[in-house]
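For the protein sequence lines, the chains are P and H, in the order given. Using UniProt numbering, the letters of the first sequence map in sequence onto residues 1 to 558. Using UniProt numbering, the letters of the second sequence map in sequence onto residues 1 to 129.
Derived by calculation from the structure, the hints in this document are not laboratory data. It cannot be assumed that every hint is accurate.
To be verified - Footprint (simulated), chain H over chain P, 3 or more residues, beta carbon under 8 Å: (1) 74-88; (2) 420-434; (3) 475-482.
Unchecked claim - Computed far set for chain P versus chain H, every beta-carbon distance over 12 Å: (4) Ala245; (5) Ala246; (6) Gly255; (7) Lys269; (8) Gly276; (9) Lys300; (10) Tyr317; (11) Phe465; (12) Ser498.
Glycine included, each C-beta is placed from N, C-alpha and C at the ideal position.
Here is how the chains run, residue by residue.
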Amino acid sequence: MNHLLLAADAHSTTRTFTISLFVVFVLITLAITVWASRQTRSAADFYAGGRSFSGFQNGMAIGGDYMSAASFLGIAGIIALSGYDGFLYSIGFLVAWLVALLLVAELMRNSGKYTMADVLAFRLRQRPVRTAAAVSTITVSIFYLLAQMVGAGALVALLLGIKPGQTFLGMSPDTAKIATIIFVGVLMIVYVVVGGMKGTTYVQIVKAFLLMCGALLMTLLVLAAFKFNLSSLLGEAATKSGKGAAFLEPGLRYGKDVAGDATQTFYNKMDLLSLGIALVLGTAGLPHILIRFYTVPSAKAARKSVLWAIGLIGAFYLMTLALGFGAAALVGGEAITAQDKAGNTAAPQLAQALGERYLGGSTGGSILLAVIAAVAFATILAVVAGLTLASSSSLAHDFYANVLKRGQTSERQEVQVARVSAFVIGAISIVLAIFAQSLNVAFLVALAFAVAASGNLPAILYSLFWKRFTTAGATAAIYGGLISAVVLVFFSPVVSGSPTAMFPHSDWQWFPLSNPGLISIPIGFLCGWLGTLLSREPADAAKYAEMEVRSLTGAGAH
Amino acid sequence: MSTETPVPPGTSPASPAEDPSGRAAPDSGAYLAVEQSPEFASLRKALRSFVFPMTVAFFVWYALYVILSAYARGFMSVKIVGHINVALVFGLLQFVSTFLIAWLYSRYADRRLDPLAEQLRERVEGDHA
């Protein structure tokens, strides 16, 4: 089917369909955004969508915020090329939600207001903890944002089938990539600046719905192709992958055994454990996820939204299993790597194959490919909007209003600053993404999870559960976790000293693991503990009492 | 991370200016009184006695899965039915356990935590009114 993908007519049909569907999505979401802007008056509307969403709506939005292109196209691609190991990734992403459900969501909903820092600042000194939390929020969000935007540029070229040497609307592939990054960036700025949390939430709900429908349709078609026999799907995938039974077992990608090199084998296994722990502990420290808990009216609704999110995200990752193995079986590893070495086009290619098979020849293939490509664009847009909102909220509410102005500012001013911040952060991200577009920055998603798990999670958990925790402990945890994760990754093989590194021709690598979590997460927790023990300042018992009562009962919550 | 130690008497109340949200100065006395009440202690205990052990349990269960994926490849590759091997079943069980824990917690929270929290909330907010 690869030759069909290259055939000019099928190609332009797909392109026209993809672009039309995408334009429809953009128009609908922009209409919602404008509508939402009319409903947005107070700061609570802009930051927290007026706390008026139901548990189900917020559960959908959490799914839309969380299931990024990296998890839709990325995990399906990893499974299609490396088999079982992609599953390891999705399991970490799902189990992580138990941390959010059991330890964070409800208590955070009751004790905070707009940002992650609200929870820390409740009983600790405002300015140092808010500064630390804003630095960490913006760092995590920009890492994640860059990975998504650079990925968007590359994906659009792939999904629209723009090949080197061809032109698209008069643009060369490189120009088309840059144009895509700018287009995605401008849209996310518009969603956030105009629609605030309300607009962004609806964009995420619509996207989650489209993504679930697209994935469900493809899963059913894949299963139908194998007469709903999972074993024969797996068997065919293993055969077509060219890797045999090993394709269905862990070890092709993560924790590889290197024959005759015990040290490298040891590092590879440690890297797998390191990735696993960062995935599970990172989610509940991601600022753009945490602020979603403020969009519902009560702790009970926050619980319901996480339950819905677990159901949706779990179902989605089960479906990626069918998509990945389906792509391996029906498209084949060779055809996938011919399109994209990282496998990011496995799901769209599978859509084309399924469409050809079940929806009437090459036109059907083009249509289904176009639908899935448009869903992938929608996915990217919803996630980047959530990230922009989280970082601009923190810049305006934490840094501007409470650090610079010491709380002496009006709601209107604060929201204006938040809108300007969204614009500035969006613009900076566009510029950075254009500079980074030729670099391999896929590791930034894992780094964002590692920073969230190493810096934010210890600060949040200590703050919610440890009475003695102090300001010094919170800043030590955040900066300690953040700096150790970033420094370790900077000296790791993903940045330099390996052929797939961000800078493949330089070498200052000395840290052997690609994922810093195994070291940086304990450092973050240790820093928070030591910072608390070593600081002379006593914990504020009255404030802790207020926070504990409020977080557990909802009394006095916003 | 135990915080069960009682608050020493005479602790200085929070300064209202430090309040993060700029709300009206809270009646910290009412919060302290509720925090030290036996009803609140039993709510705290009910929450912690569920979420802490459950967190340890799912974390150990997940860690076991990752460690087996790294070190017990022979075991993970044993085929159970057709092409379905231990690794796949183990992975699917992680989904099952996640859904199960979520459901158990939701049931527990509805039955045990919400009624207690509701009573105490009314008590605090009633004091304010």
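So, going through the hints one by one against the coordinates:
{"no.": "1", "hint": "74-88", "in the structure": "holds (count 3)"}
{"no.": "2", "hint": "420-434", "in the structure": "violated (count 0)"}
{"no.": "3", "hint": "475-482", "in the structure": "violated (count 0)"}
{"no.": "4", "hint": "Ala245", "in the structure": "violated (7 Å)"}
{"no.": "5", "hint": "Ala246", "in the structure": "violated (8 Å)"}
{"no.": "6", "hint": "Gly255", "in the structure": "violated (4 Å)"}
{"no.": "7", "hint": "Lys269", "in the structure": "violated (4 Å)"}
{"no.": "8", "hint": "Gly276", "in the structure": "violated (4 Å)"}
{"no.": "9", "hint": "Lys300", "in the structure": "violated (7 Å)"}
{"no.": "10", "hint": "Tyr317", "in the structure": "violated (8 Å)"}
{"no.": "11", "hint": "Phe465", "in the structure": "violated (5 Å)"}
{"no.": "12", "hint": "Ser498", "in the structure": "holds (21 Å)"}
In summary, the numbered hints that this structure violates are 2, 3, 4, 5, 6, 7, 8, 9, 10 and 11.
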